[in-house]
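Note that the protein sequences, when read in sequence, are chains Z and G.
Here my numbering is used: position 73 in the first sequence is 73, and no number is missing along the way.
Here my numbering is used: position 58 in the second sequence is 58, and no number is missing along the way.
No wet-lab data here; the hints were simulated from the structure.
None of the values given here were measured: they were computed from a predicted structure.
Mixed in with the good hints there might be a few duds.
Since the list can't tell identical chains apart, any single copy or any two copies may satisfy a pair.
As the list claims (entries may be wrong) - Once the Cα atoms are required to be at most 30 Å apart in a straight line, the calculated BS3-like pairs of lysine-lysine come out as:
#1 Lys-320 <-> Lys-87
#2 Lys-15 <-> Lys-64
#3 Lys-223 <-> Lys-15
#4 Lys-343 <-> Lys-87
#5 Lys-343 <-> Lys-223
#6 Lys-87 <-> Lys-15
#7 Lys-320 <-> Lys-223
#8 Lys-320 <-> Lys-343
There are 2 protein chains.
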Amino acid sequence: MPTDTPNEVFLQRWKRTRERIASTGAHGILLGGGSDLAYLTGYEAMPLERITAFAGKLSPPDSKPALIVPALEAARVRPRPSVYSIKSWGDSTDPVEAIAEEIPDSGTVLISDDLWAMHVIGLQRRTPHVTLIPIGEATGGLREIKSPAELDALAEAGSLADRVMAQVQGGEVSLVGRTEVEIADDISGRLLAAGHDTVEFVIVASGPNSASPHHHPGSRVVKAGEIVLFDFGGSFNGYCSDTTRCVYTGPIPDEVRFVYTILAAAQEAAVLEAQPGRSLAEVDLAARSVIGGAGFGDNFIHRTGHGIGVEVHEHPYVTKLNNDPIEIGHAFSIEPGIYFPGKWGMRLEDIVVIEADGARRCNNSDRSLLEV
Amino acid sequence: MPTDTPNEVFLQRWKRTRERIASTGAHGILLGGGSDLAYLTGYEAMPLERITAFAGKLSPPDSKPALIVPALEAARVRPRPSVYSIKSWGDSTDPVEAIAEEIPDSGTVLISDDLWAMHVIGLQRRTPHVTLIPIGEATGGLREIKSPAELDALAEAGSLADRVMAQVQGGEVSLVGRTEVEIADDISGRLLAAGHDTVEFVIVASGPNSASPHHHPGSRVVKAGEIVLFDFGGSFNGYCSDTTRCVYTGPIPDEVRFVYTILAAAQEAAVLEAQPGRSLAEVDLAARSVIGGAGFGDNFIHRTGHGIGVEVHEHPYVTKLNNDPIEIGHAFSIEPGIYFPGKWGMRLEDIVVIEADGARRCNNSDRSLLEV
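Please build the complete structure, drawing on both the sequences and the hints.
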């Protein structure tokens, strides 16, 4: 996040966050570093064992949140007295003490889903009258409703990833005879050349490896006559891209072509379902029922998607269990997959952003299974 | 960790871990990914929001631990039936259910210090008769007693970092007129060229930035006649290096030279104190009392050191509060610092490993403040 973001942006975000906390019946919030803390303060905490925390309460109504930082990192924090007070803790003290002073001493406090256990347990002992609730459970992600500018940033990042995917699909990235890791390095370079600021991840999974959804590119050499799955993304101006396509290194067998037809239909069905007012579970079920109806239900072994923004994976998650409504400003992936362990697998992924009239795709490279 | 590590290594580690759990009076263990899980299984879990867990119990005595993985990552796990059973959980289920079945249903369970709050709270609700205790609090780090082979690996990594530090001290890395970030990039390349497999971090802090211990290298151009602090490390064969030295770009003012004398004496005092049988707090106090005695106590704003191994920061921590005894096989940094906010700062850091007759230094580049 640019450090010159005006205070007004953070004050607005804290105002909306307060409203959101209040709507859950909670009395305060505690974030232990990470993207939510950066979203509310502009400060990127170091992800080490010394906790940086953001603590705020609803009462009194004009109470200002505190940014609680390790003493040795205090010099890295930009003072923004209108937004937060700064409090530092030293290595000879327990940070739980500093934190406990800045949250309500009774009632409910929403905490980061990934706050460390040592701090959770420490706070439970120190503030026995406070109930700690993971924020994702209480109210989803703080950052899940994006502004129109954020949605445009996601679309722009998506178009950069599409450019690289078009190079793969167009045969500009040579595959047969190279190892997965060589191809992944090549793609990393292309993601940066296309304009991304960072490469977030690159999956290249060939032949039987394509049946492992989170395959780590390795020393396997790509052969002729097999499927190769590409799933990659980077970030641009702080927002992430993430897209998946498969190609075939030779003539496509009928069986593979048939299964791909089912996959593409499932993805399309889920995108059509992604509209304000429907639930996230309905999107998952739209994809799942097409794949299940064709007899491959047991081969679709993951959720349909995940939210995306300043992190590659964030709220809202598109799962069978998430009955939360889809809202304007949501941004998430739609990425069904069909996998045959030990043989091959395939996945098709676009990021969509939700607008008043439905889902807008941020990825628009060719959605067919191309022969390269 | 190489995937060809024999099962015997993991069986031995689990045996020692069981003894350690038993010695705290606890009944089971739950690790949520990370280096401890890799240490006990050889499996490097993906650090994403889907939990990978290692769960084990002491009773019955022959009970085998479970490696609990997201279904879509199950294909990445190498089966080791003599070491652990594999259990997968799907995106349409709550992983807390799968985990709860693999831990004791009453008594005390040690959990990773950094287990996510959503899983801690989920387990507390699901298994109300179990008390969860952060493992660091109960028994320090699982990996904190290193084998002689591990200590040698740390010494080897240290010597690679020393090679780069000698280049800095010898004037081979040009400083004046370049930005911190340019110099940091240069050093990253040299860390790899020296033989590291990865670069873990590079701090280059010049002039007033040296007063910020965790300064992130930026666009500041190094000038003549100022201090420049270098703190960097990488990993080699899975073990990390970490060392800090300062240089001066021109004649060294008397005041700076004097303060550096105090710093070097404090570091030496702490290294001499680092012997089996003494406590970690005594090492911290040895450095702190030299610096405090010279009148700079308020300018030493962090702990004296941190453990190191497969992670740059791990147990044991060398703080005023840690009264645990120093043991043969410990490995940690000794890195006092003296900082004058807005002006300049300095730090001197070596990794030491503890052997029967005291501390062996893994870093041996020149410990003086050199003019470059």
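Item to complete: Indicate which option fits the pair Lys-343, Lys-223 if close means a Cα-Cα distance not exceeding 30 Å: within, between, both or neither.
Response: within (14 Å within a copy, 60 Å between copies)
Worksheet item: Can you tell me if Lys-223 and Lys-15 fall within 30 Å by alpha carbon in one copy, between copies, both or neither?
Response: Classified as neither; 56 Å inside a copy, 44 Å across copies.
Discussion item. Within a copy, between copies, both or neither: which one fits Lys-320 and Lys-343 at a CA-CA cutoff of 30 Å?
Written reply: within (27 Å within a copy, 57 Å between copies)
Worksheet item: 30 Å Cα cut-off: does Lys-343 pair with Lys-87 within a copy, between copies, both or neither?
Response: between (56 Å within a copy, 21 Å between copies)
Worksheet item: Within a copy, between copies, both or neither: where do Lys-320 and Lys-223 come within 30 Å Cα-Cα?
Response: Neither: 37 Å inside a copy, 59 Å across copies.
Practice prompt. Check Lys-87 against Lys-15 for me: Cα-Cα at most 30 Å, and say if that holds within a copy, between copies, both or neither.
Written response: within (21 Å within a copy, 44 Å between copies)
Practice prompt. Pop the pair Lys-320 and Lys-87 into one bin, within, between, both or neither, using alpha-carbon distances up to 30 Å.
Written response: between (42 Å within a copy, 21 Å between copies)
Worksheet item: For Lys-15 vs Lys-64, is the C-alpha pair at or below 30 Å within one copy, between two copies, both, or neither?
Response: For Lys-15 and Lys-64, the Cα distance is within 30 Å only inside one copy (11 Å; across copies 50 Å).
Consistency with the previously given hints fails for numbers 3, 7, ordered from lowest to highest.
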